[in-house]
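Let's have the full structure, built from the sequences with the hints guiding it.
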Amino acid sequence: MGAYTYVSELWRKTSDVMSLAKVEVLEYRQLPSMVRVTRPTRPDKARRLGYKAKQGYVVYRVRVKRGGRKRPVSKGIVYGKPTNQGVTQLKFQRSKRSVAEERAGRKLGGLRVLNSYWINEDSTYKYF
2 MGAYTYVSEL WRKTSDVMSL AKVEVLEYRQ LPSMVRVTRP TRPDKARRLG
52 YKAKQGYVVY RVRVKRGGRK RPVSKGIVYG KPTNQGVTQL KFQRSKRSVA
102 EERAGRKLGG LRVLNSYWIN EDSTYKYF
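Be aware that the sequence shown starts at 2, since it is given in our numbering, and climbs by one per residue.
Everything labelled a hint here was simulated from the structure, so no lab data went into it.
Where hints are given, some of them may not hold.
[Stated by the list, open to error] Pairs of lysine to aspartate or glutamate residues, derived as DMTMM-like cross-links and limited to a Cα-Cα distance of at most 20 angstroms, are as follows:
(1) 92 - 122
(2) 14 - 45
(3) 46 - 25
(4) 14 - 123
(5) 14 - 122
(6) 66 - 103
(7) 127 - 103
(8) 127 - 102
(9) 66 - 25
(10) 92 - 102
(11) 46 - 10
(12) 92 - 103
(13) 127 - 28
(14) 23 - 122
(15) 46 - 17
(16) 53 - 102
(17) 46 - 102
Given the structure is predicted, the values throughout are model-derived calculations rather than measurements.
In structure tokens:
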């Protein structure tokens with residue numbers, strides 16, 4: 002087995018690495034929602050998804066809020082039939098990962114999003 006196989010196993014198991022990752026989240030929270038990082042947090046995963054350590058490839062960490070989507074209604078007033086009156090328990094149809102990719106693509110217009118992967122999460126945010 003190669004080195005990347007062992008690294009990917011560490012991310013799958015509840016080990017010391019994951020306890021360190023929980024500490025890192027505290028640092029992530031203090032930073033802006035989109036931060037350029039020098040190298041991938043998970044090099045094995047990044048390489049599997051197409052990243053190469055060469056000029057022209059940049060890595061960003063994007064923060065997305067966890068939880069469901071609340072319907073944007075003024076003062077909670079909804080119209081129509083009772084089946085369409087929900088406000089709070091609605092589920093967004095797209096994944097958090099795709100939302101993170103879209104935000105990165107919108108903010109970094111001159112670049113193209115290659116791929117993304119889950120890094121970490123806490124009670125409020127997910128990081129990709």
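Hints versus structure:
Distance hint between residue 92 and residue 122 is fulfilled; the C-alpha atoms sit about 19 angstroms from each other, no more than 20 angstroms. Among the hinted pairs, residue 14 with residue 45 is consistent with the structure: their alpha-carbon atoms are about 15 angstroms apart, no more than 20 angstroms. The straight-line distance between the Cα atoms of residue 46 and residue 25 is roughly 18 angstroms, inside the 20 angstroms bound, and the hint therefore holds. For the suggested pair residue 14 and residue 123, the alpha carbons sit about 18 angstroms apart, so the restraint of at most 20 angstroms is met.
Using a Cα cut-off of 20 angstroms, the hinted pair residue 14 and residue 122 holds, with the two alpha carbons roughly 16 angstroms apart. The straight-line distance between the Cα atoms of residue 66 and residue 103 is roughly 14 angstroms, inside the 20 angstroms bound, and the hint therefore holds. Between residue 127 and residue 103 the CA atoms are separated by roughly 15 angstroms; this keeps the pair inside 20 angstroms, and the hint holds. At most 20 angstroms may separate the alpha-carbon atoms for a hinted pair to count; residue 127 and residue 102 meet this at roughly 13 angstroms.
At roughly 17 angstroms between alpha-carbon atoms, residue 66 and residue 25 fall within 20 angstroms of each other, so this suggested pair holds. Under the criterion of a C-alpha separation no larger than 20 angstroms, the hint pairing residue 92 with residue 102 is consistent with the structure, at around 19 angstroms. Our distance criterion of 20 angstroms between C-alpha atoms is met by residue 46 and residue 10, whose separation comes to about 11 angstroms. Taking the CA atoms of residue 92 and residue 103, the gap is about 18 angstroms. The hint holds against a cut of 20 angstroms.
Pair hint residue 127 plus residue 28 holds up; C-alpha atoms about 13 angstroms apart against a cutoff of 20 angstroms. Under the criterion of a C-alpha separation no larger than 20 angstroms, the hint pairing residue 23 with residue 122 is consistent with the structure, at around 8 angstroms. Between the alpha carbons of residue 46 and residue 17 the distance comes to roughly 19 angstroms, so the proposed pair stays at or under 20 angstroms and holds. Straight-line distance between C-alpha atoms of residue 53 and residue 102 comes to about 18 angstroms, which keeps the hinted pair within the 20 angstroms bound.
As the CA atoms of residue 46 and residue 102 are separated by approximately 16 angstroms, the hinted pair is consistent with the 20 angstroms bound.
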